[in-house]
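Please put together the full structure from these sequences, using the hints given.
Number of protein chains: 2
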Amino acid sequence: MKLDQLQKAYDESRDKAIEDFFTFLKFQSISSELEQAPKVRECGDWVQGFLDGIGFHTELWETMLHPVIFAQWTDAGEDKPTILIYNHYDVQPVDPIEEWESGPFEPTIRDGEVYARGAQDNKGQCFYVLHALRLLMEKEGKLPVNVKLFIEGAEEIGSTGSSNILEQKKEDLKADYLAIVDMGIHRPNEPAVTLGVRGISTLEVEVQGSNTDLHSGSHGGIVYNPLHALSEMIAKLRDEEGTVLVPGFYDDVEELSDEDRNRVCLEFSENEYEEMFGAKPVGGERAYSPVERACVRPTVEVNGLWGGYTGDGFKTVIPAKAHAKISCRVVPHQDPDQTARLVGDYLEEIAPEGVKVKVNVHQGAGGAVRASVDSKVVKAFANAYEEIFRKPCKYIFEGGSIPIVPALADASGGEVVLVGLGLPDDQIHAPNEHFGLDRIERGVLLIGRTLDYLSQEV
Amino acid sequence: MKLDQLQKAYDESRDKAIEDFFTFLKFQSISSELEQAPKVRECGDWVQGFLDGIGFHTELWETMLHPVIFAQWTDAGEDKPTILIYNHYDVQPVDPIEEWESGPFEPTIRDGEVYARGAQDNKGQCFYVLHALRLLMEKEGKLPVNVKLFIEGAEEIGSTGSSNILEQKKEDLKADYLAIVDMGIHRPNEPAVTLGVRGISTLEVEVQGSNTDLHSGSHGGIVYNPLHALSEMIAKLRDEEGTVLVPGFYDDVEELSDEDRNRVCLEFSENEYEEMFGAKPVGGERAYSPVERACVRPTVEVNGLWGGYTGDGFKTVIPAKAHAKISCRVVPHQDPDQTARLVGDYLEEIAPEGVKVKVNVHQGAGGAVRASVDSKVVKAFANAYEEIFRKPCKYIFEGGSIPIVPALADASGGEVVLVGLGLPDDQIHAPNEHFGLDRIERGVLLIGRTLDYLSQEV
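Residue numbers (our numbering), protein chains in the order written: chain A, 1 to 458; chain B, 1 to 458.
Fair warning: there could be bad hints in the mix.
Identical chains share a label here; the pair holds if one copy fits it or two copies do between them.
In the DSS-like style, the derived pairs of lysine-lysine whose C-alpha atoms are separated by at most 30 Å in a straight line are [unchecked claim]:
no. : residue 1 : residue 2
1   : 39        : 26
2   : 321       : 236
3   : 321       : 356
4   : 142       : 379
5   : 358       : 280
6   : 321       : 358
7   : 280       : 321
8   : 280       : 236
Calculated from the structure, these hints are not laboratory results.
Take a look at the structure:
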């Protein structure tokens, strides 16, 4: 459909769209709360019902945890390409619940924004995909290309379960293109295709001194306090310039091409950043700009650190153990598991005498993903963005990770593109998450127009 | 009384002693659980009643928290010296309660050891003082010297309240000697007088980066992660040799005399230590022996460290804040408050750009205390120990701190001595605390004989 037709179809369907979006948002599909698993499944059932209703062939793929909704409409013909679209219907927990201005599962519109858990991440972005497909099927009885959907229920828990079934579902997932519709743009009126996400691997480190907590009066100065040992080990992860000191860490890291570097480095205001987040952007590798550091350079970051007495008042304890949770963000060519192991090995090696170190590299690592600005699917999305926003499309990189993407790309064999309409202040994973109705609308147009561009010969 | 008379009196009173000791142990006088304050007071009332019953003049001194029991018997005459004895009737919390083999407030004898919270610290050591005084008063109707008792109910919470009333009670507390009966010996059959305890001051450090927790995907590499900042700051507290790098930290520290050094350095088995505690004694200043490091050298020790995500699984957060609780153990001439401030100032100064540091030096610091091996009260205790144990008395130093002691010594004007019959494996502050009935007996003899030695002309 042309843009004006799509726009007309959306305008006529607006009330129905909001009604169905709200129904979707009301499911308490928090994937990490395993005792609530039936609520996640109910939400998946609703998604499946929606797609059944518009003429897709649907399947519910059981996993060890929450099911994946797989759906396809492949009657566009063999001469038309196939696009696999990725979304997820599970959401983050809602704590701290007291900071929500309206209930996280009672969607509420304020100033054109829908407030609810998942309003953006990812139910909002999933819903405009669903609704766009519905409009096309209702108005035209068909789609311009073959469309497959992989809508999982475990993204917020590292795709536990979902990622294990990819290999066996390879045939079903086969596609020319893979669109990850879970991304954002930097500013409301700046369309952008995301060309890359970093990969991630995580590990946990335990440093043990004595076999039991000791009194710091009697033992302070005798034993090597594991809190000091761990602090010193973490301090040695990076030098004063922010360069990671783990041997081999950068071995497989490719420097960005000048072209990509120019794309990445555009438009970052240190002042704006400090105003928004209250901190100067002065962490990480000094040799690179803040945006490069966040998006295309690898990092080692401590995400949790604990040991000893942490309550009110004071306890003069030398704890037996100290702990850290550490994540590595990796870039193309870096193996995430191997990178985590390098970090773990290094920490074991630099541990001072007197403590024992245990490293546990977690399962579920995922590599980095890069899209090519020259690929047809990137161009199709870019064209659609430009047509809808009436502005040139930008190409950006995202520092976050969607661990399932590399495996999904492998399984489907499709060229990847990462798109979406998230904004930095949507409060995803936080209280008062929200997503604009204008973005539901634009999302519908984006999907509709992209499928059309994809169906055209280049 | 002579030793054999004392022994006979104790033997005859043994059942009564155990009965009363058990009564004392059953009070749940946990000073830190403020909602349980009445139970602490009940225990203090019992102590006061005991002393009333044996002919002491008693007072209950109200403080802002738990009362001090002050008692005196001063009819020995002005030509006899006055000794002020310090004990406390409050105890530590009992968690982890599930690790107790019998209830912490249900005293139980196994293999001659009494198991209960406070069995040693300090009800056991307080009780043998009380029972010794009772035997002397019952058998002789008088004591060989004037005796005052200061038995507080807040030692385990840094003498909160108790320490504030010392100045106004100066006249009452006046004494020639001050005996802190809250110490230990290294081995069951090695009598020892403690010649020194370290002082202590504590502080809390908060390191703030951004104004809110950030996602490590989008912000990793941009902001200075406060967990890294704090780790690096802690790592800079000491150099590779364990020397504290805080400017001015050692300024007032006096090197030990060779004589004292020889006392301190005797008998420390690295193997025995490692076997007992599971860690090599390789922390702290390498230039000093383990015992020196633990007893007569100052330390800076992190006792608690936390920030970020510390639960199960993983959360890719860069926390807004990281925290540490730090204690300084100080030696004679070091001002504990000033030392804590030096540490705080240093941490503020070395904090990397991009984070803000808040330091809170806690109230309630106490200085170090030293007794002289030549003082009459040290000699009196040493003589008593040698007579009872039939072994030469050792002189030891203790690394722990009893913050109220310097102020109590000031208020009383008395020469200090630190004594007791604790053993390293009494499990004080831990589950299954215990104290031997043989040590109740020896404690009674020790107090009885010491008072006798004190009454004699040198």
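### Message
One pair to classify: residue 280 and residue 236, alpha carbons no more than 30 Å apart. Within, between, both, or neither?
### Response
both (22 Å within a copy, 23 Å between copies)
### Task
If the cutoff is 30 Å on CA atoms, where do residue 142 and residue 379 land: within, between, both or neither? Let me know, please.
within (23 Å within a copy, 103 Å between copies)
### Task
Indicate which option fits the pair residue 321, residue 358 if close means a Cα-Cα distance not exceeding 30 Å: within, between, both or neither.
Intra 11 Å, inter 26 Å, cutoff 30 Å: intra and inter.
### Up to 30 Å CA-CA - residue 280 versus residue 358, copy category
Close across copies (17 Å), not inside one copy (34 Å); limit 30 Å.
### Message
Please sort residue 39 with residue 26 into within, between, both or neither, judging by C-alpha distance up to 30 Å.
### Response
within (10 Å within a copy, 50 Å between copies)
### Message
Regarding residue 321 and residue 236, is the shortest C-alpha distance of 30 Å or less found within a copy, between copies, in both, or in neither?
### Response
both (19 Å within a copy, 20 Å between copies)
### Query
For residue 280 vs residue 321, is the C-alpha pair at or below 30 Å within one copy, between two copies, both, or neither?
Cα proximity of residue 280 and residue 321: across copies only (15 Å, versus 33 Å in one copy).
### Query
Is it within, between, both or neither when you check residue 321 against residue 356 at 30 Å Cα-Cα?
Close inside one copy (9 Å) and across copies (27 Å); limit 30 Å.
Checked against the numbered hints above, the structure violates none of them.
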